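Those sequence lines, one after another, are chains A and B. Sequential numbering from 1344 applies to the first sequence in the working numbering. Sequential numbering from 14 applies to the second sequence in the working numbering.
Keep in mind the hints are simulated off the structure, nothing from the lab. This one's a predicted model, so the numbers in the text were calculated from it and none came from an experiment. Check each hint, because a few of them may be wrong.
Claimed, not checked - Reference listing, derived: stretches of chain A covered by chain B, where coverage requires no fewer than 3 residues with Cβ under 8 angstroms from a Cβ of chain B:
(1) 1408-1420
(2) 1503-1516
Claimed, not checked - So these bits of chain A aren't anywhere near chain B, every CB distance computed over 10 angstroms:
(3) VAL1371
(4) ALA1440
(5) ARG1487
(6) ALA1539
(7) ARG1561
(8) GLU1566
(9) LEU1574
Just so you know, even glycine gets a beta-carbon here, dropped at the ideal spot from N, CA and C.
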Amino acid sequence: MSAGRRGAASVGTTVLGITALVGVGVTVGLGLALPDTREQGEYARLIAVHPPIAWVAYVAVGVTALGSALWLWPRTRSSAWDVLAGASAEIAVVFTALTLVTGSIWGRATWGVWWAWDARLTLTAVLLVMELGYLALRRVPAPRSVRATRAAIAALLAAVVVPVNHMAVDWWRTLHQGRSLVRPDPGEAADPPFVAAMLVGFVAMTLVYAWMLWHRTRVANLEEQLEHEGLRAALAERHAEGRAQIEAEVAAR
Amino acid sequence: MSYVVAGYGVTLLALAAYAAHLVVRGRSLRRRLPPARG
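With the rest of the complex left out, here is chain A:
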């Protein structure tokens, strides 16, 4: 970001934020207006938030992995990719934690338990721990390129969990229900109002993610700028001290 635009609110991010907010409002409205179902009663209304949140958690991990791969690839290596990966990872933590919390609430309502050591739930918890480990690794003091490389490798390892977690409900017998949107058996497909609410939820949460990524990246760039300014000020102070010392020595002679 250029120094000149530092204080100016971007029109793009404002429009994105308002669109995301409207999308979330529509999702909540559609979700709460869904009818009761025979299998889950009123609790099926959680379908408008839980799968979209889980989707964004996957997207955020994917963007972190993409940024990390672009950092590791010598031809595309740029600190911007490392910043993007770090920003997306923090958002991934928020959405993965929310996936676990909303899933736990849904599980308590329909299964009668807050938690089960089910493949889908356990892998999501593993993903959260790996994301937290990634963020911790980024805070370990090291030269920038070393830190970015370590973090990038951790991000690629964490990304492996995503496809396994997605397929977990097909590969293992789980308490968690099968895929919400694309079912292997067309006869099991959700009713249109549920699919519509879920799709609006997917779009709204993706817009929220995009807005957050924009702002988190900007915060990371500002932090970096502040660090450079602090370093520059410290060097200028040290130079001034040195100059004053030399002048005092010359005057003493």
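With the hints as your guide, set chain B onto chain A.
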């Protein structure tokens, strides 16, 4: 109904809290930076 409200409520609260954190942190950092040169 309380589980449904809890699911939606926790989602909206968490997203709003994180979004507010990003905006406040960005503003605080901008204030700490010296005015733009040039």
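Against the structure, the hints:
Only residues whose C-beta sits within less than 8 angstroms of a C-beta in chain B count toward coverage, and the stretch 1408-1420 of chain A has 0 of them, not enough to reach three; the restraint is violated. Residues of the stretch 1503-1516 of chain A with a Cβ under 8 angstroms from some Cβ of chain B number 0, which does not satisfy the need for three, so the listed coverage is violated. For VAL1371(A), the shortest C-beta to C-beta distance to chain B comes to about 6 angstroms, within the 10 angstroms cut-off, and the non-interface label is violated. Chain B draws ALA1440(A) into its interface by the beta-carbon criterion, the shortest separation being 8 angstroms against a cut-off of 10 angstroms.
Distance to chain B confirms ARG1487(A) as a non-interface residue, since its nearest Cβ pair spans about 19 angstroms, more than 10 angstroms. The non-interface label for ALA1539(A) is consistent with chain B: the shortest C-beta to C-beta separation is roughly 17 angstroms, beyond 10 angstroms. Interface exclusion of ARG1561(A) from chain B breaks down, the closest Cβ pair being 6 angstroms apart, not more than 10 angstroms. Separation of GLU1566(A) from chain B is inadequate, the least Cβ-Cβ distance of about 6 angstroms not exceeding the 10 angstroms criterion.
Every CB of chain B lies more than 10 angstroms from the CB of LEU1574(A), the least distance being 13 angstroms, so the non-interface label holds.
Checked against the numbered hints listed earlier, the structure breaks hints 1, 2, 3, 4, 7, 8; every other hint is satisfied.
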